[in-house]
Amino acid sequence: MAEQSLAVKYRPKTFEDVTEQGSIIQILRNQLENGKIKHVYLFSGGAGTGKTTCARIFANEINNGKGMPVEIDAASNNSVESVRTVIQQAVQPSLDGSTYRVYIYDECHMLSVSAWNAMLKMLEEPPQTAIFIFCTTDPQKIPKTILSRTERYDFQRISQQGIVDRLKWIIVEENQGKEIDDLLHFSYDALEYIAKIADGGMRDAITLLEKCLAFDKDVSLDNVVKTVGTVDFKVFFDLTESIVDEIPKEMLEIIEQVHSQGKDLKLFVRGYLDFVLDLCKFDTMRTLTYTKIPNFYEDGLKKMDNHYFDICFQLLQKLLKLNSDVKWDSNPKALIEANLIDMCMRAE
1 MAEQSLAVKY RPKTFEDVTE QGSIIQILRN QLENGKIKHV YLFSGGAGTG KTTCARIFAN
61 EINNGKGMPV EIDAASNNSV ESVRTVIQQA VQPSLDGSTY RVYIYDECHM LSVSAWNAML
121 KMLEEPPQTA IFIFCTTDPQ KIPKTILSRT ERYDFQRISQ QGIVDRLKWI IVEENQGKEI
181 DDLLHFSYDA LEYIAKIADG GMRDAITLLE KCLAFDKDVS LDNVVKTVGT VDFKVFFDLT
241 ESIVDEIPKE MLEIIEQVHS QGKDLKLFVR GYLDFVLDLC KFDTMRTLTY TKIPNFYEDG
301 LKKMDNHYFD ICFQLLQKLL KLNSDVKWDS NPKALIEANL IDMCMRAE
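For the sequence shown, position 59 matches number 59 in the working numbering, and the numbering has no gaps at all.
These are computed hints drawn from the structure, not numbers from a lab.
Quick caveat: nothing in here was measured; it's all calculated off a predicted structure.
Take these hints with a grain of salt, some might be off.
Simulated pairs of lysine-lysine, DSBU-like, Cα-Cα distance not exceeding 35 Å [unchecked claim]:
hint : residue 1 : residue 2
1    : 13        : 226
2    : 226       : 292
3    : 266       : 141
4    : 217       : 321
5    : 217       : 302
6    : 321       : 302
7    : 303       : 234
8    : 302       : 211
9    : 141       : 211
Could you put the whole structure together from the sequences, leaning on the hints where they help?
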């Protein structure tokens with residue numbers, strides 16, 4: 001039997017286990033305590049922010065642990081016929097001892113227009129024993145007539161610190177409860193970087209952590225970079241310095257090394273564009289919090305002079321055009337080298 005993924009194994013079972021989203025959880029708890037539960041909810045937000053998890057927990061609390069909510073994947077059940085089946089079921093009393101029939105529609109924005117139209121009348125006058133929780137990452141695709149009939153909650157992206165704390169807890173649990181500081185194969189920089197890449201999505205962060213553990217029990221920054229498949233940040237920093245210092249020989253050697261390693265040069269340019277953008281963001285904000293560059297590099301960047309960042313802003317403009325041009329070029333290496341040589345020679 002296949003082993004459970006960490007994301008499934010450590011999926012929160014109670015509201016206490018959910019990372020952040022405190023105001024939403026407090027409102028839902030108040031409704032449970034006061035008996036003022038609504039019939040139609042909309043949970044919207046980015047992937048991995050806890051929408052479906054909170055919907056499951058809420059459904060369980062509504063029925064005091066009795067019965068199971070009906071979870072529907074709207075991507076594969078988006079037809080009128082599927083909705084009509086739900087409508088017919090919703091008016092029937094529950095057979096599992098639960099007070100309410102709770103329906104959780106995941107990625108509900110995938111429902112067809114005709115399916116929403118079929119559901120409209122029921123949501124206007126929902127059955128007294130039915131509750132619908134719609135979850136979506138794309139609320140703007142939901143008809144306004146439907147939105148006006150829901151109680152909407154917008155889930156915020158989880159903070160980097162919130163993700164790091166959860167990953168630390170998972171590592172402790174996976175090591176039989178040993179204190180995190182007693183674990184030899186662990187790096188805070190690595191977890192911070194995973195949190196940056198996950199971009200506010202807890203599920204993505206846990207999946208990345210599991211992938212890293214499968215690669216090597218040593219959860220280090222270097223191993224995370226290797227596992228994720230991104231170019232080493234040292235390569236990006238060295239490339240930038242070669243352009244700032246106007247040394248095309250070093251720049252060409254770096255491109256040749258990346259190419260010989262079998263890296264996709266078009267993706268390399270895209271990654272380098274993101275990196276230079278992050279450098280510009282750092283110069284503006286004076287913190288790496290809003291970037292995907294590991295915090296490990298912050299002290300070094302603070303020592304860079306204005307000339308370094310002035311070149312980065314010029315480089316950003318040129319990389320925007322290069323990234324657009326290289327998508328359609330059959331020989332990207334030559335185009336990239338030509339543009340970077342030009343950047344080296346015109347750095348001033």
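A quick look at each hint next to the structure:
1. At roughly 33 Å between alpha-carbon atoms, residue 13 and residue 226 fall within 35 Å of each other, so this suggested pair holds.
2. Restraint check for residue 226 and residue 292: satisfied, since their Cα atoms lie roughly 15 Å apart, inside the 35 Å limit.
3. Taking the CA atoms of residue 266 and residue 141, the gap is about 32 Å. The hint holds against a cut of 35 Å.
4. The hinted pair formed by residue 217 and residue 321 fails the criterion: a straight-line CA distance of about 41 Å is larger than 35 Å.
5. The suggested pairing of residue 217 with residue 302 holds, with an alpha-carbon distance near 32 Å, which does not exceed 35 Å.
6. For the hint pairing residue 321 with residue 302, the CA-to-CA distance comes to about 28 Å; that is within 35 Å, so the pair holds.
7. Note on residue 303 and residue 234: the hinted pairing holds, with a Cα-Cα distance of about 16 Å set against a maximum of 35 Å.
8. For the hint linking residue 302 to residue 211, the alpha-carbon distance of about 32 Å falls within 35 Å, and the restraint holds.
9. Under the criterion of a C-alpha separation no larger than 35 Å, the hint pairing residue 141 with residue 211 is consistent with the structure, at around 33 Å.
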